[in-house]
Amino acid sequence: MTPEQAKKERSRWIKIYDLIGSVVTALVLIFIVFTFVGRPASVVGTSMVPTLQDGDWLFVVPKQEYNYGDIVIITQPNAFNEPLVKRIIATEGQTVDINFVSGQVFIDSQEIEEPYINELTKRSGDVTFPLVVPKGKVFVMGDNRMHSTDSRSTDVGFIDTRYILGRAAVRVLPFGDMNIYDNFQQGEE
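In numbering that gives the first Met the number 0, the protein residues as written are 0 to 188.
Note that these hints are calculated values from the structure, not bench results.
These figures come from a predicted structure and were not determined experimentally.
Please note that the accuracy of each hint is not assured.
[Stated by the list, open to error] Under the rule of at most 25 Å between Cα atoms (straight-line distance), these lysine-lysine pairs were calculated in the DSS-like manner:
| id | residue 1 | residue 2 |
| --- | --- | --- |
| 1 | Lys134 | Lys62 |
| 2 | Lys62 | Lys136 |
| 3 | Lys136 | Lys121 |
Sequences and hints are given; from them, build the entire structure.
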C-alpha cells in the first residue's frame, strides 16, 4: 500500500468513526430529551373531542404528580392494547360520583365545572358509583363523554400512575391548531 493509499484509508476510517460518534451522540441526546424533557405522542380516536382530534400530535412532558384536569398519555395494559389519551378527573383518596341522569360529575361531593366538554356525562359504564380512588391511582375520562371508554368501565378502570407516560403540554400538530394545555384546577390557576 502506498503512502497515499494509506492516507486515504485512514481518512475513510476517520469519517466512519466520526459518523458512528455522531449517531451515538444523537441517540444519547434523544434518550435524554425523551426521559427528562418530553416526547411526542399521537392521538388515536375521538374520545378527547372537542379538545383533541384523531391524528393530533402532542408534546408530552414527564411528571411525577398529577392533578385534576391534566391530559395524560396512559400506557397501562388495557382491553385496547394501545396507549390512551384521557383527562384526569380525580386523584387518590378522592370520591367520584356521577349522576348519569343530569350528567353531573362530583368529586368529594362537589360538582366539578367541565368547560372542556360539549356533552354532559350521561353514558355510564360497568362501574358502580360512588367510588374512592385508591392510593397511587387516578380516575380518568375522555372529553367526548358519550364516546369514550375510560375509568367508568372495567376495560380501563383506575389508572396506576406508574403507567402514565406524562402530561400533554402542547398540541404541536396540526400547526394551525397549536395549543398549550394547562390543567383546569377548580377555581385556581
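If any of the earlier hints don't hold here, list their numbers in rising order. As far as the earlier hints go, not one is violated by this structure.
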